[in-house]
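Residue numbers (the numbering used here), protein chains in the order written: chain A, 1 to 262; chain B, 1 to 325; chain C, 1 to 266.
No lab work stands behind these hints, which were simulated from the structure alone. Computed from a prediction, not measured in an experiment: that's the story for all the values here. You can trust all of the hints, since none of them are fake.
Derived list of chain A stretches under chain C, where covered just means 3 residues or more per stretch with a C-beta under 8 Å from a C-beta of chain C:
| hint | region |
| --- | --- |
| 1 | 28-38 |
| 2 | 42-48 |
| 3 | 184-198 |
Simulated pairs of lysine-lysine, DSS-like, Cα-Cα distance not exceeding 27 Å:
| hint | chain 1 | residue 1 | chain 2 | residue 2 |
| --- | --- | --- | --- | --- |
| 4 | B | K128 | A | K13 |
| 5 | B | K174 | B | K202 |
| 6 | B | K192 | B | K174 |
| 7 | B | K174 | B | K128 |
| 8 | B | K202 | B | K128 |
| 9 | A | K140 | A | K222 |
| 10 | B | K192 | B | K202 |
| 11 | A | K255 | B | K174 |
| 12 | A | K9 | B | K128 |
| 13 | A | K255 | B | K232 |
| 14 | C | K171 | A | K13 |
| 15 | B | K190 | B | K308 |
| 16 | B | K198 | B | K174 |
| 17 | B | K202 | B | K190 |
| 18 | B | K190 | B | K174 |
Using C-beta positions, here's what the derived DEER-type ranges look like:
| hint | chain 1 | residue 1 | chain 2 | residue 2 | range |
| --- | --- | --- | --- | --- | --- |
| 19 | A | W233 | C | L18 | 49 to 59 Å |
| 20 | B | R133 | A | R19 | 35 to 45 Å |
| 21 | A | S88 | C | A90 | 23 to 33 Å |
| 22 | C | K171 | B | L148 | 27 to 37 Å |
Each residue gets a CB set at the ideal place from its N, CA and C atoms; glycine is no exception.
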Amino acid sequence: MRYIYHAMKLNLKSIAQYRASFLMQNIAQFVMVGGEFLAVVVLMTRFTALGQWRAEEIMFFWGVMQLTFALCECLGRGISTFAGYVGSGDFDTILLRPRPLMQQVIGHRLDPRRLGGMIVGGGAIALSCVRLGITWTADKLVLTLLAAAGGFFLILGLFLIEATVSFFSVRSIEMVNVLTYGGRSTCQYPVDVYPRPLRILFTWVAPFALSMHLPISHVLGKPLFDVPMAVVWLAPLAGPLFFLLMTRVWYIGVKHYRSTGT
Amino acid sequence: MRFLEAEGLSKTYIRRCKPKDGGISRLWKRDTQVITALQDASFSINEGELVGMIGPNGAGKSTTVKLLTGILTPTGGTCHVDGRVPWLERREHVRHLGAVFGQRTQLWWDVPIHDSFLLLRDVYSVDKAAWQRRLDELVDALDLQEFLHTPLRQLSLGQRMRAELCGSLLHAPKLLFLDEPTIGLDAVSKLKLRAFLKEENKQRGTTILLTTHDMEDMLALCQRVMVLGRGKLLYDGQLEALLRRYDTVHTLRCTFEGEADLSGLPQAIRHERDGGAHALTFAPGEIPTSEVLAHVLACGPLREMTLKEQNIDHLIARMYEEMQL
Amino acid sequence: MRNKLRPYLTAFRVRALLETQYRGAALGGLITQAFFGLVYAYLYTAFFNGSDPAAQKATVTYVWLQQMFFRALFMSDGEMNNQIMTGSLAYVLCRPVDQHLYWISRNLAAQFVGVAMRAAPMLLLQLVVPQEVRMALPASPLAFAQFALSLLLGVFCVSQIHAIGLAFTMKTLDHRGLSSMLSLLLMTFSGNVVPLTLFPEGLQRLIRYQPFAQVLDAPIRMYQSGQPMDEWLLNLAVQLCWIAALWALGRWLWARQLRHVTIQGG
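Next up, chain A with everything else stripped away, as it sits in the complex (with noise of 0.2 Å):
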């Protein structure tokens, strides 16, 4: 924990010794979630509902996933980045530590210029909250957390996807992205706007709708999928149950590793 914590440290310095630039980053991450915040807003002008969500519904959905992937991108960036470190051989510096590997991994690189995403989710889950009126109970709260954290951990275990494929193939692995790209986009909005296909993808291979949309529905009293309520809190497990798994097959990947050679 001490090194995690003491890498997150030197991160922060190395951030540090470029702060126009690292503001102007910031700044652009604000602006840039906040137009897609404004995208929903003037879709939401326009049609008023989508299904039975009303704006503010939507809304919530949406700001809850905006924070938790910029989250993610901002703490996880050593593995969305990882393919990077195959390619370069920076991989090699973390396999000569006598650190298990994962650890080395996540604390290899941060990514504070997410903040401003951060803020713009934030925002959008707090204006929601204010515009439904909603009573906070502890059961709610905890429910909002859980879906923050299992969206967390399914969401990393996605960035996985790409980090393990690097290492076999190091061409045209973009495409591994569409679950997590894919997914972000497609399920900021709650998974029954779709059809079946989508919406079995998003609920069973990518948990989205297990880990977030369920707890989050109890959470604005529109319970998604008919089921009991110790489902409900279970279901966010489905995200660090796919990052264990996601795991167990980047381990595989590592003894696949070649190095690049000098």
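Knowing the structure of chain A, use the given hints to seat chains B and C on it.
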């Protein structure tokens, strides 16, 4: 058991590539090609040895080092370092290992090197006091004092290499791998680096395995050398002996006062005119140098004379040629 | 004249050939764009919910065309950015050519071939996509002709924008902030994120005539309606004006930057 023992170590890759011909099927069909990076290498190294590894590009040096460090898993054979199999007990193995890859950095680019060293302390879980003592020692030996608090990116190549060395030795490893440590360094830095490595090896008994293209490094540091070529270990033994085997030709260049007649020289001495000078090449094994000198002096009044052994780079080039690399 | 143009024509041809080699990237892009096209088509179908079938079909078509020609919005010349960052731009500057024109020729080649390589299979995909999210045919043969010409101009337009972006990169040396900012502007204001046709009526006028809309939004509108001659001429004039203005700005910036370009790592 010896400190490092490798038995039949092999590494092959399978490369897929597009078939040379064939029509539309080129889009999805792939031929497989087996590439042997290292084939059946067996050797052992004692604790405290300083061994050099040479060979042309693509000979398998890097592969060997990466297998010994546990970065790669071999496709055949095995090896033990200090009783451990590197790729099976990676974490324990690398704890006692240092490595410097000449063209790559293990320190953080944008922060002062001292901060990187602090992180390495946590990485290797080194005791604080021991670490500080070691750091002081290394800073002193490597002359790092001045730029200990400068970000790595602002250092010159020579300074950077010294910082890398310091970083890889802070946890007092038993075994140090160096991959082309002097590449791109100026003469002064090279000499300093060599002196430091020699000292480290002698004083602390650190086992060092060094790969390089710089034959001067080899001469200065290593008594034992391993020659790799096309994935095979071709020679493993004394550097001296290797050199003697290939250093068969000496050249004597001389000029005379006025004209001299060299036509009477024995067959064993090859004679070429080189402008106003004469270049005489001979093999000391065939004809003793003293005899050659006697012949030359008999040819006329000598003005100037130099005797040269073969340049070590030429020598190695000849060796590679002979080994058909 | 022909002789003078030769380096640029050669640059165009070589770059076009090179682009055909990037089949892996094209396949990756194809899968991504097909996925996004499908998701957006279903999303807007859900938004409309059958309330306005004509507008619904138009939006679905809009979305597909955006994804089909997405490569036209792709704005990262990694090679050039790299050259600027590492300082090997010096080699480029040694070539005895008009740098701006030379770059534009290469970029156009990459864009045209890249777009064609992705658009063709996307069109075939339409044959298997379910009826409710399939895109519509062009309004008329004339509409298609208008669309094709306009799309051509759209690609010209994006090249000019890209060249301007590079001029700023030459100044700042770090392309990341600017690249992401420009991409964002282009994606948003060309209608890729949300069809520009769905923006509030009051904004439509403003939003249609800005430069980014000239890239894909203008052609798509022609595809969908087939415009009467006077309106079409107006739109064409707008596209041409923007291209000319951006071209002039780009040339001016390049000339300025190249004169005191900072070569990295000198």
